[in-house]
Structures are given as C-alpha cells and as structure tokens.
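Just so you know, the protein sequences line up as chains A and B, in that order.
Under this note's numbering, the first sequence has 107 at position 107, and the numbering climbs by one with no breaks.
Under this note's numbering, the second sequence has 9 at position 9, and the numbering climbs by one with no breaks.
Heads up, a few of these hints could be off.
[Unchecked claim] Distance condition first, Cα-Cα at most 25 angstroms in a straight line; then the derived SDA-like pairs of lysine to any residue: (1) A:Lys70 x B:Glu58; (2) A:Lys99 x B:His77; (3) B:Lys36 x A:Glu5; (4) B:Lys40 x A:Asn111; (5) B:Lys36 x A:Leu46; (6) B:Lys41 x A:Ile13; (7) B:Lys44 x B:Lys67; (8) B:Lys41 x A:Thr109; (9) B:Lys44 x A:Thr93; (10) B:Lys44 x B:Asn17; (11) B:Lys36 x A:Pro8; (12) B:Lys44 x A:Arg50; (13) B:Lys36 x A:Asn30; (14) B:Lys40 x A:Leu11; (15) B:Lys40 x A:Ser71; (16) B:Lys40 x A:Thr27; (17) B:Lys40 x A:Asn38; (18) A:Lys99 x B:Thr59; (19) A:Lys99 x B:Asn75; (20) B:Lys22 x B:Val88; (21) B:Lys44 x A:Arg107; (22) B:Lys19 x B:Asn75; (23) A:Lys99 x B:Asn26; (24) B:Lys9 x A:Thr84; (25) A:Lys99 x B:Glu24; (26) A:Lys99 x B:Leu54; (27) A:Lys99 x B:Arg63.
Honestly, the hints are just simulated from the structure, not real lab data.
The structure presented is a predicted model; accordingly, all values stated were derived computationally and were not measured.
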Amino acid sequence: SQQGEEDPQALSIQEGENATMNCSYKTSINNLQWYRQNSGRGLVHLILIRSNEREKHSGRLRVTLDTSKKSSSLLITASRAADTASYFCATGTIQGAQKLVFGQGTRLTINP
Amino acid sequence: DTAVSQTPKYLVTQMGNDKSIKCEQNLGHDTMYWYKQDSKKFLKIMFSYNNKELIINETVPNRFSPKSPDKAHLNLHINSLELGDSAVYFCASSPMGLAGGGEQFFGPGTRLTVL
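Start from the sequences and build out the full structure, keeping to the hints where you can.
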C-alpha cells in the first residue's frame, strides 16, 4: 500500500520565490528521502534525513522531519526555472534490504 | 560513463508477447532494484536483489521474473504481456547492501507500451 502522501499535488510559483512541499506517512521509518524527476527522466536523489534527525540542509534545500506527526517538508529557497520537476518523498525501511515507498509526488512549476 | 543504464529506452509490443529489459550499473553497488511507475506517476518497488540474491519481491505476478547474472546486472523478463503492464520501468542501485539506509541511483527508465 502507498506509504507517503504529498501535498500539494501541483504547485506553481514565480522564479525567486520559495517552494514548500509536504509529505505524510503512516508507519515507522528508518529514513525519509526526497527525489526529483524531470519530465521523461529517472529520479535523482536530493536529500536523506534519518529518523533521529529533525532538520537537514543541502544548498537551497531544507528538509524537516517530525516523526511524532509522521510528516516531512521540503523547502526550496530562491527557486529557479531549472527547479521545475516532480518531487517525490520516499520512506525507507529495512526489510532485508532498504525498501523505499514513494509518495505520488508534487509537480512543481517555476514561472520565469 | 553512465552510472545506471537501461535498455531499451522504449519498448512497444503486442499483448501476449515475452520481453526483457536489461539494467547495468557501474557504481560497484551491491543492491539493485526494479520499480514500476504507472500513468499517474505512482512509483512502486517490484524487486530488490543484493549481490545476486533476491531480497524483496513485492507481490508481483509471476509473469515477471528478475535475473541477476552478477551484481552489476539485474534484468527483468516479462512473460505473456498484458495491457496493464504498460508503464515506465526503472532500475536503481544502492551502495548500502543489507545494511540499507542509503540513497538510490536510478536509471533513465524504459517506457513499455503493450498494444
């Protein structure tokens, strides 16, 4: 069954603005990851946050994790046209190997 | 110098046919995966192999058979293709092995269309 649910499903903002995407999940996790998918391409890993971490930064990306609320958010600051893509959260659990369960994604459009 | 490669990129075939998708990674990773992404962009894991051994099998119909000849390759063979098999199939690899917990590196995807 699908683990993560993302909100909003689509987001359209002006270049330079900040974009925030949210992800909620249902069960205990080992880590939570965010991926980007450009149209017609494979997924690219952006950032991983472990279950014992609350916040993580990578360049213009900021991820938070609240395990009590089973939710995470991805903030992209100072957005650029090149940030236009679909963004997926994925919850990681260990079942022999790491198993990632993906949300349905947020389609982000940055308008120049 | 592609990290995770898949062939073919596009595959169009008739219902009932058998087809294979190949995946290779040159990252030296121990763990490889197959995912299916449907028309609504929902991405779901199908299989995971660690060092040629099947670790995860997510209630996929047995028409789907993964094969790992070595840890750098994970191929997907599909028998008796059905319309519902139409999707984009992604291969991925991860360096973490059974310890898990790391990022996954995805291939460019294979768009399968069953007519």
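Checking one constraint from the list: CA of Lys36 (chain B) to CA of Asn30 (chain A), max 25 angstroms. Satisfied? Holds, at roughly 23 angstroms.
Does Lys40 (chain B) pair with Thr27 (chain A) here, judged by a C-alpha cut-off of 25 angstroms? holds (23 angstroms)
Sort out whether Arg107 (chain A) lies within 25 angstroms of Lys44 (chain B), counting only the CA atoms. holds (18 angstroms)
Between Lys40 (chain B) and Ser71 (chain A), is the straight-line Cα distance small enough, at 25 angstroms or below? The hint holds at about 22 angstroms.
Given hint Asn111 (chain A) paired with Lys40 (chain B) - CA-CA distance at most 25 angstroms: holds (23 angstroms)
Does the alpha-carbon distance linking Lys22 (chain B) and Val88 (chain B) stay inside the 25 angstroms limit? Measuring from Cα to Cα gives roughly 13 angstroms; hence the hint holds.
Can you confirm whether the C-alpha distance between Lys99 (chain A) and Arg63 (chain B) stays at or below 25 angstroms? holds (22 angstroms)
CA of Lys41 (chain B) to CA of Ile13 (chain A), is that 25 angstroms or under? It holds: about 21 angstroms lies between the C-alpha atoms, which stays within 25 angstroms.
Taken at face value, is the distance from the CA of Asn75 (chain B) to the CA of Lys19 (chain B) at most 25 angstroms? holds (11 angstroms)
Hint check: Lys36 (chain B) vs Pro8 (chain A), CA-CA at most 25 angstroms. Holds or violated? holds (23 angstroms)
Agreement of Lys99 (chain A) and Glu24 (chain B) with the hint, judged by alpha carbon distance not exceeding 25 angstroms: holds (20 angstroms)
Agreement of Lys99 (chain A) and His77 (chain B) with the hint, judged by alpha carbon distance not exceeding 25 angstroms: Answer holds: Lys99 (chain A) to His77 (chain B) is near 21 angstroms, not above 25 angstroms.
Of the numbered hints listed earlier, not one is contradicted by the structure.
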